[in-house]
Each structure stands twice: as structure tokens, then as C-alpha cells.
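Line by line, the protein sequences give chains Y and U.
Sequence positions in the first sequence follow the working numbering and run 1 to 408.
Sequence positions in the second sequence follow the working numbering and run 1001 to 1408.
Since the hints were derived computationally from the structure, they do not count as laboratory data.
Quantities reported herein were computed from a predicted structural model and do not represent experimental measurements.
Treat the hints with care, as some may be off.
[As the list claims (entries may be wrong)] List of simulated lysine-lysine pairs, DSSO-like, C-alpha gap at most 27 Å:
hint, chain 1, residue 1, chain 2, residue 2
1, Y, Lys12, Y, Lys65
2, U, Lys1378, U, Lys1020
3, Y, Lys401, U, Lys1129
4, Y, Lys341, Y, Lys401
5, U, Lys1065, Y, Lys341
6, U, Lys1172, U, Lys1010
7, U, Lys1242, U, Lys1172
8, Y, Lys65, U, Lys1010
9, U, Lys1029, U, Lys1129
There are 2 protein chains.
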Amino acid sequence: MPVNLEAPIKDKLLPINGIKLGITSAGIKTQDRPDLVLIELAEGTTTSAVYTQNAFCAAPVTLAKQHQEQMTSRYLLINSGNANAGTGEAGLQAAQQCCQSVAELSGLSAEAVLPFSTGVIGQQLPIDKIIQAIPSVLQNLAEDNWFDAAHGIMTTDIVAKAISKQIEIDGKIITVTGMAKGSGMIRPDMATMLSYIATDAAVEQSVLDDILSRSVAQSFNRISVDGDTSTNDACVLMATAKANNSEINVVDSLDAQNLYQAIAEVSQFLAHAIVRDGEGATKFIAVEVEQGQDHEECRQVAYTIAHSPLVKTALFASDPNWGRILAAVGRSGLSNFDLSKVAIYLGDVCIVEQGEPASSYTEDQGQRVMDQDEITIKVELGRGLANDTVWTCDFSYEYVKINAEYRT
Amino acid sequence: MPVNLEAPIKDKLLPINGIKLGITSAGIKTQDRPDLVLIELAEGTTTSAVYTQNAFCAAPVTLAKQHQEQMTSRYLLINSGNANAGTGEAGLQAAQQCCQSVAELSGLSAEAVLPFSTGVIGQQLPIDKIIQAIPSVLQNLAEDNWFDAAHGIMTTDIVAKAISKQIEIDGKIITVTGMAKGSGMIRPDMATMLSYIATDAAVEQSVLDDILSRSVAQSFNRISVDGDTSTNDACVLMATAKANNSEINVVDSLDAQNLYQAIAEVSQFLAHAIVRDGEGATKFIAVEVEQGQDHEECRQVAYTIAHSPLVKTALFASDPNWGRILAAVGRSGLSNFDLSKVAIYLGDVCIVEQGEPASSYTEDQGQRVMDQDEITIKVELGRGLANDTVWTCDFSYEYVKINAEYRT
């Protein structure tokens, strides 16, 4: 069950002026399950997106990148239940047909539509079912549909993930609402599985790109469930300019910084929600690495711990088997690594100091931390001033069960 | 249960003239379980060893390296049940006391003794129990004790791992006998958990070092159970020179090549045995990557597949969910990766050709391969002539169970 993750409350998800969402069931995987979401962006909306760095990226990712370069985006079409990945030329054509169908019914060109898919890899998209459902998803468009849309993009997620936040910029109330889906195949190398964040602020393209890239770096690119980077990851940030603030067009301005802060918080909430709802997760783990030479080596150590099946199964068992954390730090591959400067903490309990077992450590102290469902593992490298954090979950029977039975 | 791995038969393990082994129970973890093994090397034996590259290497590893530099090795003392890792200065002193005790009773100096430990990390060695047991392990020394010794070094292993091989060199029968232990925390970066291989051939030190390094590269350094490199890995090769062959002293000679072949086969059998007996393993998987620019990138792709929890759980479920293999290849991080040249095979069934789903593929074909308990995944990169193979196992409920309950 998800770790301390509550489902969003419909009334607390604030509509974004200029964004409408439609949801329907196309029957892609099962009948009557919402699996098709359309997001309509008002004219004048600025859009920024980041995509998976998996070389085998899915057909919709390839096409969405092309369309984004060719024309201002006006629609995002998202299906769950089928990733349209590993589907070759036929998959690309299917994604194109989807966009074409939205374009025809809305009087725009296909390049104004960005396609997204999530679900099983390696099966052709049931294109007829989707095209048949597009009229009803268009008809369903409404500004207060974030709650249903957050459900429509789910796959193995147990809980829907969405949140809203308001700030004041330039004397105007600015609203940010975002949703995400993701539970397994999570080690985003660019963005999470799928996440859509919108604001009514007026933001110039380069500022929006900067805000998205920095927000993703501190949220979706710092989480891991199982170390597997999906073929379909995408994160889209939309700014409708309906709040009547003067356009934010300087990257370093205070307004840009305030908006960044709000969007980063929404991103981090959604990223953490994905880990909390990680497949089979029973614990939410922060791995903080401090005193590194640079951010990269901090992340290298943090991910080595976060990906270790032995650390993750010990966390599942609430076993303070800290030797596994130590072994993971030791194999993380830092050059000129002086162990005598290393300290490791489990929660507030020091387990290693100056590279040696902490003399003050007792098994009871370790057990007390391990019995919690939110645990921080902190490593001090003693070789610099950089620090970084990644978030992950434990590794349970349920993870194996979910992934062994995924297609059955 | 181990995958197609039969226990060694006592009579088929051939003694090595010049090597005696003693086994006893020191009661390190439980009473009456053999957990202490002593190997005595006749005067004139040449010894070569490789050790873990984990920066947090265990106390016995640190000490064994020192002793090997200081003096010709005459004894190897191995305990299971406690790794003496993460034990700081006290652990180093404990390892020293063990060596000292063997030295006093055998009339040699402590530097002639190499210590090895395997088991739980982070607990102090029960030094009194071990020292008390050393007289009985010395008394037990005999040439035909390989079978019992292979059992004495086991931890979570289900099946003991040992094998013998004979070849003819210089008109003499040369015997090679080796044993190994290991089941979890297996992604050797130098050697497996623990492996001891002996031959009666006369081999000059530099030739022996070369043979060990090449054999390990093709065996223990090509396997992975869970991607975790142990703090205690060690592989020792001993040559007693009792077979009366003229000393092999040229690396490229035919005799050296023949001996390498025999030792590499023994190493590979033992390495495969560790994977077959991998914690929770139900399948034995070879991941072959061909047509790479160099060996390193072939291994990079192979390990990305071999370490993917999603691939490993699909293998456990016998689910031909080949999209997960494709996703792993895609995220393996090769630069300038031209997907249109990639082919992927599951056994003899082509699943991807020229970067696209193979038109000939059917789910039935995939299922037929997946139902087997020995599966080869082959990736052709289409960018060079190098190839490499790693061996791994699947990821089951049992793996989680074993590692969640390891210390209870």
C-alpha cells in the first residue's frame, strides 16, 4: 500500500484558466476504465516539455518532439493501457493517426497535437478504439476535470497523484496545478513516466524552459523505484497567460524565482507521490549524500544505495543491517575514496564515523529507526561541499508479484 | 532451488598433491555446523590471489593482501558465518589474532597465513571461538577433504560448489581442483565471494598471476545475482609443483595455455554454479552481447539487462515481456547508438530486427523459450566486432524472503 500518500480531493484541485481536460474510456485494456485523456490549451499558451533519455523511446515520444518543434501545441492526447513502445513504424503511424483525428475534429493541424502513451510495451496501439473515442473525449472537455484526468492516466498506480498551489506574482493570484502517473519502471533520466503541470501565469518560453528543467532536476530526476528508465517518460509544463500578470521574461527575476519555487514544490510532491506509490512499496526512503566533491558523485553514491536490492530488502524487513549500506557506499566507484572521512547515519543514529563502526551505535537504536515508514539514510563523504538527495522505496514480495503478473 | 546444479560427488573431487584441508565447527553462527576451514600449502607452492574492489573491503582482505606481499603463503584460514567487515580496527586485530594462532601452532610466522571471512557484515568476529577451534582444524588436515571444505565455506548457498579436472602437460597428469561459495551479494568486481583453486602443476609466479587474472575475467567477473559487490570477495589459485612437470614459466607457451584452459573451465563451472544457486534463482540466464565497438560496451549493455529488476521478474514469471529487455538496452547509455542496427533474440527467436519488432515473432515462440529454465538473451549492436557474455539468474519471491529474513 502507498506510504503516507493520500488521494487528491477533487475540490482542492484548482482549475487553470485556459486549460480544459476531457476523459473517457476507449476500452484499451479493459472496458469502462478511463484510459483516454485530452488536454486542451487555450491560444497563447506557452508549453515546455522534457522526455525520456531511453534510446528506445516510444513512438509518441518521437512524434511529440517533432510536433513541438513544428507548431505551438494546442492539445495533449494521453492514453494509458498501452505504451506504443517497441512498435516500430506501425506504432509511429498509429500515433500520427491519433493526432490527425483530434486535428480533424478540432479544425487544427496534426502538428498542434502532442501524443503520449503509457502501459504495456511491445503491443500495437488499438488505434480504432482510440479514434472512436476521440469525439467523446472532446465533448467531455472542462476546466474542473483534473481529478478525473489524474485517474485516467494511471496504470499500476494505486493512488492518483495531483496537487494545486497558489502564489502571488505581480499583484495577481497565480495558480499551479499538476498531475502525474508512475509506479514502476521508475528511474527517470529526464522526467517521470508522465506528468502534466499547468499554470495561468504569463511566462516567456525561455523562462518556462528554465523553470521546467530546474524543477525536474530537483524532483522527477531524483527518484527511483527500480532503476529502470521507461521508454515513455515525459513531463509537460504549460503556461496559459490568463492571470494577467506582466509576462515573466527574465530567468533570474524575482517573479521567475517565485514561480520556479511553486512549480518545483508541485513537481517534488508529484515525484515523491510516485515513490510513495512505488510498486510494492512499504517505506519511503530519502538517501542524502553530503560533503561530496560535486553533485554528480553525490548522486552516484545515493543511487548505488537506492538501487541495491540488498539494502531495499533489508528496509522492507525493517532490519538495521547497515553493513549492506556500507557495502553499497564502498562499491559506488568514487576515485581516491578516503574511507577514514566517511560517516553514515540511519535517521539520526550514527552507524559509521571516520570510516569505522560508530562506538555509540546499538542495535536498538538502529531498530527504532528501521521500524519507521519514512527513513533517511545520510552519508557524509568528507571530501567537499556538494550534496544531493534521491528518494526511493523498499523492495517487497509485492514488487515481485506485481511485475511477475503484470501482463496476466 | 538451484537451477540444474548437482551437488559435487565426494569421490570425483581429486586431491591435489601438496594441499591439505581441515574442517571443523567453531560454533560461529550455530553449533555443529562446519564453519572453519584451514588449507595447508606444501613448501614450494606458488600462490596468486585477487580480491574485492569494494572500497569498504573487509579486515581479512586488508590483512591477506599485506601478508601475501610479506611472505610466501603456507596456510589459508577461512571462516563462514561472519564476514569481519565493517568492524574497524577491532576487526583487523581479530583477523591478526587468528593468523597468529595458526602460526604459533604450526611453527611459522603469522604473515604465512592468509585470513578469509564470509557471512554477516558489521558484527565482530567471535575470536575466542575461532582460536579454540584451530587445534582441531589443524588435526583434521587431509588431502581428500575438498568435499567437506566446500561445505564448510557455505553461507546462504544451498548446494556446495566444487569440481576437478585433469589434463596432460609435459607428459605428466596435471590435476586442478577448485571450490567456491556464493549465492547473494554477487556482482564480483574482481572475484567471487570466495573461491579456492589448486593445481599440482609447477608454475612460475607471473604465469600463475596471468592465468588467474584471465580465468577470473571470463568467469567470476562475468556473473551477477543482484548487482551487489561484496566486501569480502577473494579468489585464490595455488600451484604446488608436485606433478614434476618442468616449471611453466612463459606466459604465451602452449603449456601455459593448456593450464589456463583447464583453470578457466574450473572457474567458469564454479562461477556458473554460484548463479545457478543464486538466492531464490529459478532460471539460469546467459546475456550475450555481440557486434559492439569494444568489450566494455558489450558488458555495459549485458549488465544493464542482467540487473534490471523488471527483466528479472519477467524471467521469473516466464513472461515473454520482451519490451523490458528492449527498454533496458535503450537505457544502457551507449553513445551514438543507432537503433536501426540492433537485433535482439530470446533463445533462437528474433524479437527485434533492425531496431523494429521482428515481423516473424509470435507470442507462442516467445513463451516456448521463456518456459525453459536455461535462457539465452542475445543482443546484436551492429556497431563493431567485440562480444561479451554475462550470466545471471531471475528475481523471485524467494530472493526477497531470503534477504528480508537473513539476520533473523
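Cross-check of the supplied hints:
1. Lys12(Y) x Lys65(Y): With a Cα-Cα distance of about 32 Å, the restraint between Lys12(Y) and Lys65(Y) is violated, given a limit of 27 Å.
2. Lys1378(U) x Lys1020(U): Judged against 27 Å, a Cα distance of about 43 Å means the pair is violated.
3. Lys401(Y) x Lys1129(U): violated, 42 Å
4. Lys341(Y) x Lys401(Y): violated, 41 Å
5. Lys1065(U) x Lys341(Y): holds, 22 Å
6. Lys1172(U) x Lys1010(U): Between Lys1172(U) and Lys1010(U) the Cα gap is close to 24 Å, so the pair holds against 27 Å.
7. Lys1242(U) x Lys1172(U): holds, 10 Å
8. Lys65(Y) x Lys1010(U): Measuring from Cα to Cα gives roughly 64 Å; hence the hint is violated.
9. Lys1029(U) x Lys1129(U): Answer holds: Lys1029(U) to Lys1129(U) is near 10 Å, not above 27 Å.
In this structure, the hints that do not hold are numbers 1, 2, 3, 4 and 8, in rising order.
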